[in-house]
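Engineer: Read off the chains here:
Number of protein chains: 2
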Amino acid sequence: MHRSLNLTSIPVWKNLKKHAENFSRPDRHLKYLIKENSRLEKFSLKCNGFFYDFSRQRVDEKVMSLLFELAKARKLKEQFISMMNGEKINTSENRAALHTASRNFSGNSIFLDKKDVMPEIIKTRENIREFASKVHNGKITGSTGRHFNHVVVIGIGGSYLGTKFVSCALEAFADKDIEIHFLSNVDIHNFGNIVSRIEAGSTLWIVVSKSYTTAETIANTNLAISFMKEKGLDPSKHLITVTSKGSPGDDPKNPVLSSFHMFDFIGGRYSVSSAVGGVPLSLYLGYDKFEQFLKGTEEMDIHSKDSPCEKNIPLIAALISIWNNNFLGYQTQAIIPYASPLQKLAPHIQQLSMESNGKSVTQEGHSLDEPAGAIIFGEPGTNAQHSFFQLAHQGRPFPIEFIGVIKPQYNYKSKRVTNHQELWANLISQPTALALGKEDKNKAKYFPGNRPSSTILINNLSPESIGRLLSFYEAKTVFEAFIWGTNPFDQFGVELGKAIASGIRNEIELKNEQKDHSFEKMDKITKFYLDALFSGKL
Amino acid sequence: MHRSLNLTSIPVWKNLKKHAENFSRPDRHLKYLIKENSRLEKFSLKCNGFFYDFSRQRVDEKVMSLLFELAKARKLKEQFISMMNGEKINTSENRAALHTASRNFSGNSIFLDKKDVMPEIIKTRENIREFASKVHNGKITGSTGRHFNHVVVIGIGGSYLGTKFVSCALEAFADKDIEIHFLSNVDIHNFGNIVSRIEAGSTLWIVVSKSYTTAETIANTNLAISFMKEKGLDPSKHLITVTSKGSPGDDPKNPVLSSFHMFDFIGGRYSVSSAVGGVPLSLYLGYDKFEQFLKGTEEMDIHSKDSPCEKNIPLIAALISIWNNNFLGYQTQAIIPYASPLQKLAPHIQQLSMESNGKSVTQEGHSLDEPAGAIIFGEPGTNAQHSFFQLAHQGRPFPIEFIGVIKPQYNYKSKRVTNHQELWANLISQPTALALGKEDKNKAKYFPGNRPSSTILINNLSPESIGRLLSFYEAKTVFEAFIWGTNPFDQFGVELGKAIASGIRNEIELKNEQKDHSFEKMDKITKFYLDALFSGKL
Numbered sequence: 000m001h002r003s004l005n006l007t008s009i010p011v012w013k014n015l016k017k018h019a020e021n022f023s024r025p026d027r028h029l030k031y032l033i034k035e036n037s038r039l040e041k042f043s044l045k046c047n048g049f050f051y052d053f054s055r056q057r058v059d060e061k062v063m064s065l066l067f068e069l070a071k072a073r074k075l076k077e078q079f080i081s082m083m084n085g086e087k088i089n090t091s092e093n094r095a096a097l098h099t100a101s102r103n104f105s106g107n108s109i110f111l112d113k114k115d116v117m118p119e120i121i122k123t124r125e126n127i128r129e130f131a132s133k134v135h136n137g138k139i140t141g142s143t144g145r146h147f148n149h150v151v152v153i154g155i156g157g158s159y160l161g162t163k164f165v166s167c168a169l170e171a172f173a174d175k176d177i178e179i180h181f182l183s184n185v186d187i188h189n190f191g192n193i194v195s196r197i198e199a200g201s202t203l204w205i206v207v208s209k210s211y212t213t214a215e216t217i218a219n220t221n222l223a224i225s226f227m228k229e230k231g232l233d234p235s236k237h238l239i240t241v242t243s244k245g246s247p248g249d250d251p252k253n254p255v256l257s258s259f260h261m262f263d264f265i266g267g268r269y270s271v272s273s274a275v276g277g278v279p280l281s282l283y284l285g286y287d288k289f290e291q292f293l294k295g296t297e298e299m300d301i302h303s304k305d306s307p308c309e310k311n312i313p314l315i316a317a318l319i320s321i322w323n324n325n326f327l328g329y330q331t332q333a334i335i336p337y338a339s340p341l342q343k344l345a346p347h348i349q350q351l352s353m354e355s356n357g358k359s360v361t362q363e364g365h366s367l368d369e370p371a372g373a374i375i376f377g378e379p380g381t382n383a384q385h386s387f388f389q390l391a392h393q394g395r396p397f398p399i400e401f402i403g404v405i406k407p408q409y410n411y412k413s414k415r416v417t418n419h420q421e422l423w424a425n426l427i428s429q430p431t432a433l434a435l436g437k438e439d440k441n442k443a444k445y446f447p448g449n450r451p452s453s454t455i456l457i458n459n460l461s462p463e464s465i466g467r468l469l470s471f472y473e474a475k476t477v478f479e480a481f482i483w484g485t486n487p488f489d490q491f492g493v494e495l496g497k498a499i500a501s502g503i504r505n506e507i508e509l510k511n512e513q514k515d516h517s518f519e520k521m522d523k524i525t526k527f528y529l530d531a532l533f534s535g536k537l
Numbered sequence: 000m001h002r003s004l005n006l007t008s009i010p011v012w013k014n015l016k017k018h019a020e021n022f023s024r025p026d027r028h029l030k031y032l033i034k035e036n037s038r039l040e041k042f043s044l045k046c047n048g049f050f051y052d053f054s055r056q057r058v059d060e061k062v063m064s065l066l067f068e069l070a071k072a073r074k075l076k077e078q079f080i081s082m083m084n085g086e087k088i089n090t091s092e093n094r095a096a097l098h099t100a101s102r103n104f105s106g107n108s109i110f111l112d113k114k115d116v117m118p119e120i121i122k123t124r125e126n127i128r129e130f131a132s133k134v135h136n137g138k139i140t141g142s143t144g145r146h147f148n149h150v151v152v153i154g155i156g157g158s159y160l161g162t163k164f165v166s167c168a169l170e171a172f173a174d175k176d177i178e179i180h181f182l183s184n185v186d187i188h189n190f191g192n193i194v195s196r197i198e199a200g201s202t203l204w205i206v207v208s209k210s211y212t213t214a215e216t217i218a219n220t221n222l223a224i225s226f227m228k229e230k231g232l233d234p235s236k237h238l239i240t241v242t243s244k245g246s247p248g249d250d251p252k253n254p255v256l257s258s259f260h261m262f263d264f265i266g267g268r269y270s271v272s273s274a275v276g277g278v279p280l281s282l283y284l285g286y287d288k289f290e291q292f293l294k295g296t297e298e299m300d301i302h303s304k305d306s307p308c309e310k311n312i313p314l315i316a317a318l319i320s321i322w323n324n325n326f327l328g329y330q331t332q333a334i335i336p337y338a339s340p341l342q343k344l345a346p347h348i349q350q351l352s353m354e355s356n357g358k359s360v361t362q363e364g365h366s367l368d369e370p371a372g373a374i375i376f377g378e379p380g381t382n383a384q385h386s387f388f389q390l391a392h393q394g395r396p397f398p399i400e401f402i403g404v405i406k407p408q409y410n411y412k413s414k415r416v417t418n419h420q421e422l423w424a425n426l427i428s429q430p431t432a433l434a435l436g437k438e439d440k441n442k443a444k445y446f447p448g449n450r451p452s453s454t455i456l457i458n459n460l461s462p463e464s465i466g467r468l469l470s471f472y473e474a475k476t477v478f479e480a481f482i483w484g485t486n487p488f489d490q491f492g493v494e495l496g497k498a499i500a501s502g503i504r505n506e507i508e509l510k511n512e513q514k515d516h517s518f519e520k521m522d523k524i525t526k527f528y529l530d531a532l533f534s535g536k537l
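Residue numbers (numbering that gives the first Met the number 0), protein chains in the order written: chain A, 0 to 537; chain B, 0 to 537.
By construction, these hints were calculated from the structure, which means they are not laboratory data. The C-beta atom is built at its ideal place from N, Cα and C for all residues, glycine as well. It cannot be assumed that every hint is accurate.
[To be verified] Label-pair restraints from in silico Cβ distances: (1) Glu198/B to Glu60/A: 52 to 62 Å; (2) Ser23/B to Ser37/A: 40 to 50 Å; (3) Pro254/A to Ser23/B: 18 to 28 Å; (4) Phe533/A to Ile121/B: 39 to 49 Å; (5) Asp176/B to Asn93/A: 53 to 63 Å; (6) Glu369/A to His365/B: 31 to 41 Å; (7) Ser225/A to Ser195/B: 55 to 65 Å; (8) Lys114/A to Asp26/B: 50 to 60 Å.
Build the full structure now, drawing on both the sequences and the hints.
Structural biologist: Below, the structure is given as structure tokens:
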């Protein structure tokens, strides 16, 4: 697909730059913008129980119309359709990006290299359903015949964060008498913490790694196997893998209870709806709940693919990101859900967005002429209000995405308002306060306002709603990349650290073997740290 | 104390701006700087088992010498001493900032309004020691005579994050058969989650609120009291308070098992070493461990007060922050501890730093002419590497503070290297990779490098070490404010949202009382959200 090499040479990009200058004028302050007639009607959208309000963003009708022009110039819709159709849009790795296929229930085929990928995806889903059901009804048990009551997911990054987010969000639906634990970091403390909370005989370990060579995951798997052996258990009856066909985790020489496949056309950070999320979430919640979650993601996929730009929620959210990033100059974006079950959303989107869009090179291999990617962070509200909202209101401004849930999972009344209403009083007031600001002669009590935010509402915390929310962020992320012209599916930026770590690991091994090994080959700073590690003190 | 109104008019500030321009030159790339002779020796410091390495920051000897000049021009040491001596440096609230007094074991008096504050502080410590000991030996029990095995801390923001950080960091020392839980958010889900994990009869609730009017904390306390009554317990035998003398939480009309005092000269986010942290941490770990932690904080306080600028670790760290913020233009700062027990450090420092320094006004009430405050975020390594380090290496650069622990709490050997060594291979490699970068003809695999970081090492995860780390960040934060000339102890920026929320809460109450109440007085956007809340769907 032909795309211009330089963002700054696109005519509408130039127009946006020019128009953005107007937004430093006092009369473009949000306190005026939000009072315009029909502000909310013009700058909000609703679809399938998902509401997106960008009325408190620093935009006007002209901005939006230029941004839609940009969307067309960058062929966003066409690119999204190509992605869903299995084109190899991950050009640097010559791969498709078919996470949407993992939740395709349309019955339609999706061809990749002339082969329909759907039969294998459907078969994997069926395998998951069957396996989970057998665990739940006790047909599959551990080596001592006991029901599985604990599931430990061994995985890191994309094999961890998405599943963690969804399992937290849907905790209220976990009625299978199974607790879920996550072993991600190689730090031995994590392992110690988990084994203190499980019972070996009733624990099922799920190793999630596409290549089955991820250093942290393999180190933790080795620990888990030793632990099982110490407890007199047969690891092959307590371990399942989610991995690529033919990887060391899918090798009959290393027998496991069951193995589920990952495909190279679904990247880690987009893999929650594949077996990566499917296996642990189906064990934890039941396959039916996982499928409801998938149906929610599919609904939002269809919305993203079929809605025209002007009605397309993730696409508009992506345009707003670009506006904030490249035209208003914000480098950071906070995500603040007013719902504790969504507490792991920000860490997941942190990975999804920053690993996808923290790039400086176009799909075609040219240097980007504008910065891409925002730094994402967030905590649930109201906690965030009592933590860093001082800076949000009176320090360096950054855009915020607020998220509210209309129906709570529980309803307690505490004095005159319910806790949920208390939460909403805050959810409603913060975007207003950030936008309006407040004059005060005492400069310490002056609020400049003009701080942009969006508000997302979802009806409830059902599996479908969580699915829509996840798919919204996935689509928003790839739309952003399509605008910048970057590849949101590779991650070469993690390679250099790994390569250097490998050389250091070799030195450590040498020293473990030969006590008199000195680190003379290393640069002085590295040598200092290696000496500190081995001396055991400063 | 006289300080210039404008940062930009300070001569050394101008010199720093000028010198900073040189750092865009290719020959100032970190890959050259770190190879200079004695780089590590010149740009690192060690004190009391705390090592601070800024050799991978984008600084040279001239930068440091100008920064030390700035430190002197801004009288950083004098201000720190004034703070520790009880001067009312929180001018906007006419208060002292005496968190350091809460860990003063020197025997010296500290006078505030001509009254020595130490006797009251020492008495509070003694009360905590006595109370914790009686709980541990069963002399104090709940209303059914059962030992307390669960402690729930009800508090938010500064009454939560610091204690949470320290309790996580020191979890390995918790040998009192007491589990600790934190109830912060008003979101009812948190309450439900905690009551599912405790036993009412053996649970002690600690309400932490200086004013005893914090909306979230009071709503949660009311829930806790109802819960205890439902379970047939006497709340006054299961509830203690940490609050100001004379607050509604320290009122004989509302009897509680015990009440501990907070002082208006210690702000929430600096209060871990006061009764705020002292009561829960002493119950969880034993008072002795808490005192060891205090001794660590005191050590670093003394270092910060007594060391000359050129040898003062928190002061230098603050200078580096200012250099990165105001001269090199970085707006964000990540904190990446390679130790899972430190996983709650970043959320705590996020509050400590962003609430202290997210300001735009000087102590004297003038608008700042330079931006202050950085956005702080972070996750433990190596998790962070598998999440957002793509952006760190190839996207918009941001400075990182790495933290390593020399001695692990546990030692497992996994194949040829231990898990702890694996962690260190990564801790060592990341700052190097970020600094050096790597040439590659394929731009997708090109690493620009020149990305600054510091590395902190601590000997172990002992209470003393954690105390030093906490005090390091507290001192660094106030030194930053002293440079900007801002007040790190007030937080007026949280008031506007609260005021608007209060109006919305009133409307919700009216609607709860009268079903036909419409929200006509509200602006249209607010009305839309209130209608959505009451209609229960989109």
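Engineer: Decide, hint by hint, whether the structure agrees.
Structural biologist: We went through each hint and held it up to the structure:
no. : hint                             : result
1   : Glu198/B to Glu60/A: 52 to 62 Å  : holds, 59 Å
2   : Ser23/B to Ser37/A: 40 to 50 Å   : holds, 47 Å
3   : Pro254/A to Ser23/B: 18 to 28 Å  : violated, 58 Å
4   : Phe533/A to Ile121/B: 39 to 49 Å : holds, 43 Å
5   : Asp176/B to Asn93/A: 53 to 63 Å  : holds, 58 Å
6   : Glu369/A to His365/B: 31 to 41 Å : holds, 35 Å
7   : Ser225/A to Ser195/B: 55 to 65 Å : violated, 33 Å
8   : Lys114/A to Asp26/B: 50 to 60 Å  : holds, 53 Å
Going through the hint list in order, the structure does not satisfy hints 3 and 7.
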